[in-house]
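Q: Same order as they appear, the protein sequences are chains A and B. No gaps in the numbering here: position 51 of the first sequence is 51 in the UniProt record's numbering, and each next residue is one more. No gaps in the numbering here: position 14 of the second sequence is 14 in the UniProt record's numbering, and each next residue is one more.
What the hints contain is simulated information worked out from the structure, not anything from laboratory work. Glycine is no exception: its CB is placed at the ideal position from the N, C-alpha and C atoms. Watch out, some of these pointers could steer you wrong.
As the list claims (entries may be wrong) - One side only, chain A facing chain B, incomplete, derived with CB under 7 Å:
#1 A208
#2 A210
#3 D211
As the list claims (entries may be wrong) - Not close to chain A: a few residues of chain B, all C-beta gaps over 10 Å, as computed:
#4 P99
#5 L114
#6 R197
#7 V272
#8 A274
#9 W335
#10 R369
So you can see what is in the structure, the chains are spelled out below.
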Amino acid sequence: MAVKSGARSSGRWLVVTIPYLWLLALFLVPFLIVFKISLSQDAIAQPPYLPTFDLSEGWAAFKDAFGELSFENYGYVLSWDNEFIEAYGSSLWIAGISTILLLLVGYPIAYGMARAPKSIRPTLLMLVILPFWTSFLIRVYAWIGILSPEGLLNQLLIALGIISPDAPLQILATDTAVYIGIVYSYLPFMILPLYSALEKMDETLLEAAADLGCPPFAAFWKITWPLSLPGVFAGCLLCFIPAVGEFVIPDLLGGSDTLMIGKVLWTEFSVNRSWTVSSAVAVLLLMVLVIPIVFYQNLQAREVEGR
Amino acid sequence: MSTGVAEKTQKTVGGIRRTFAPWNDPQAVPLIRYQNVTKRFGEFTAVDNLSLDIYEREFFALLGPSGCGKTTLMRMLAGFEEPTEGQITLAGQDLVGTPPYKRQTNMMFQSYALFPHMSVWDNIAFGLRQDRMEKGAVAARVEEMLKLVKLEKFAKRKPHQLSGGQRQRVALARSLAKRPKVLLLDEPLGALDKKLREETQFELMDIQMELGMTFLIVTHDQEEAMTVADRIAVMNHGKLVQVAPPAVIYEQPNSRYVADFVGDVNILDAKVTALAPGLVTLEAEAAPGMKLTATQECEAKVGESVALALRPEKLRVELDPPADPNVNCLTGTIWDIGYLGDLSIYHVELPNGTRVKAAKPNLTRMVERPITWEDKVYVSFTPDAGVILTR
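Generate the whole structure from the sequences, applying the supplied hints.
A: Below you can see the structure in the form of structure tokens.
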């Protein structure tokens with residue numbers, strides 16, 4: 001017995017340790033490296049920052065290197081004179097509006113899927129996941145073809161006589177195009193958690209509500225909506241968090257005045273060649289996003305407790 | 001509670017206690033009327049041209065196997081299904097086309113369907129708030145309901161923090177809170193264990209009498225229907241087979257189906273050999289040459305095949321022949337014995353191989369019973385014990 005339980009506990013230990021080692025090696029260590037770079041100074045060197053830690057020069061030099069680290073870059077990023085704070089704000093705003101749009105578009109789709117006959121639900125689910133089979137980048141490029149002034153959308157509207165050929169809709173290179181791109185790309189991440197929450201719901205609850213005198217629309221707000229909230233939160237966070245740091249969509253579909261932190265970070269890194277400032281921007285972005293993540297974790301914990 | 005009983009059991013007239021039986025009163029106006037109601041789902045006919053009257057303050061049970069249409073019949077009253085043909089009226093008002101949220105019926109669901117995100121209190125208050133009842137009145141009614149189902153201490157709990165029996169009570173309180181004209185109970189006790197189920201059956205009856213409401217219960221459990229109901233409707237294939245008080249259903253079933261579905265029964269195929277007013281003489285296939293008598297009127301003619309239904313507790317199993325020559329008697333051997341503690345069930349094999357069951361109460365504490373396997377026994381029953389069934 002003792003041997004058996006020993007074997008079992010070491011098995012359990014292994015199961016827990018492997019994913020933790022994975023997270024440690026591929027998330028925590030790289031993060032610490034980025035954090036360290038954010039505390040360094042730019043330098044014309046290889047790599048382009050100082051100090052570097054090198055144990056070959058002895059312990060004292062290693063300790064001195066520590067002394068050279070500073071939060072200077074953070075001060076730079078957080079100063080009102082630079083556009084970083086504005087970019088953070090604009091990113092949060094665009095991600096927030098996009099998340100609301102995603103919820104407005106995704107909820108009815110998820111609801112329809114969850115109430116569809118059981119036999120066709122797998123097909124509908126498949127259709128939602130299907131776009132993932134094509135590269136994300138290609139799908140975003142495809143929107144350029146649709147939204148550009150001589151693109152498919154304008155051609156269609158001109159052919160239908162809704163707009164005149166002289167004044168095509170100027171959508172590409174505006175914030176509207178960014179919203180369209182984000183809503184399109186992130187929609188499955190909104191639909192799937194909503195669908196799983198709505199599908200779990202017992203439909204007799206709606207019968208019970210009707211039986212107690214509640215008309216269908218009111219029953220939606222009193223029963224269906226509150227019971228789908230875990231899915232709503234999960235979907236919103238799954239969309240909001242990556243949308244804040246989104247780089248490809250604003251870069252391809254947005255205009256020169258579309259300000260998003262992902263784009264700023266990219267410029268800082270590749271054009272200004274400042275690894276240190278771009279690292280500080282990345283670390284601060286993470287800090288900003290930790291707030292909703294912690295909030296979500298709390299919510300989940302409360303729900304698990306509730307079960 | 002006692003006032004409820006007094007109201008329901010009408011005044012004592014001439015020393016005879018008159019009980020509640022509006023269905024025998026031609027003046028009584030039914031509360032619920034199903035008139036030629038048919039419900040089809042595609043090709044399948046769930047309810048087939050059915051008419052039924054249910055009276056105010058009645059505890060009415062719909063009994064039948066699954067798929068017999070009893071649940072559909074109830075759901076049509078709640079408004080979750082619309083009849084394909086026919087009319088349903090509640091207190092004189094035609095219900096067809098009225099959505100469920102505008103009907104004065106409430107239902108206790110088989111799964112309870114409690115709102116998981118609301119406390120017990122909010123669940124019970126839900127229907128009252130729908131009616132825009134004033135706050136103080138809602139609170140008073142909810143408190144009253146909590147007291148009725150003895151859950152005062154659990155008002156703040158969520159449904160998942162309750163036991164099955166407690167959830168069942170919340171569901172009951174919620175469906176009673178609006179004081180519906182009719183309370184519909186869909187297999188309300190199905191999820192409870194036997195002991196709790198029996199207790200709850202009596203509580204349901206008490207509550208029904210206390211509130212003076214009309215209850216319509218759907219169940220496949222015949223004991224439950226017998227215990228709680230004033231009248232039972234036995235259903236099969238979307239039709240009513242018999243509608244009668246429990247004792248009539250049990251003692252005077254109108255068909256083999258009812259006799260077989262409700263309780264245990266021995267059915268002997270027989271031929272009518274002679275008819276006299278109030279007395280039928282039969283010859284059973286299982287006992288050729290033996291003359292059996294039954295004191296009842298019979299629609300069948302001499303020579304026709306009928307069935308003689310005998311409840312096991314009405315058969316006597318003895319080692320010696322009965323002394324009274326008027327008593328019907330069959331012979332056989334003990335094939336098996338089922339000892340249930342309170343009863344012993346003797347399975348007796350008749351000469352042609354038919355087996356009959358006879359129940360005998362174990363009145364003494366003997367461990368060794370005088371009758372045992374392979375014994376030659378006499379199975380006797382009085383002429384009024386059997387029921388002749390022609391259907």
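Q: Compare the structure with each hint and give your call.
A: Here is what the structure says about each hint:
1. Because the beta carbon of A208/A sits about 4 Å from the nearest beta carbon in chain B, less than 7 Å, this interface hint is met.
2. Because the closest C-beta pair between A210/A and chain B is about 4 Å apart, less than 7 Å, the hint holds.
3. Restraint check, D211/A versus chain B: the minimum CB separation of about 5 Å is within 7 Å; hint holds.
4. Chain A draws P99/B into its interface by the beta-carbon criterion, the shortest separation being 7 Å against a cut-off of 10 Å.
5. Once the 10 Å rule is applied to beta carbons, L114/B is inconsistent with being away from chain A; the minimum gap is 8 Å.
6. The beta carbon of R197/B is kept farther than 10 Å from every beta carbon of chain A, the shortest such distance being approximately 21 Å.
7. Even its closest Cβ contact with chain A, about 52 Å, leaves V272/B beyond 10 Å, as expected for a residue assigned away from the interface.
8. Residue placement check: A274/B keeps its beta carbon more than 10 Å from all beta carbons of chain A (closest about 57 Å).
9. The claim that W335/B lies off the interface holds: its Cβ sits roughly 47 Å from the closest Cβ of chain A, which is beyond the 10 Å cut-off.
10. Distance check for R369/B against chain A: the nearest CB is about 48 Å away, which clears 10 Å, and the non-interface claim stands.
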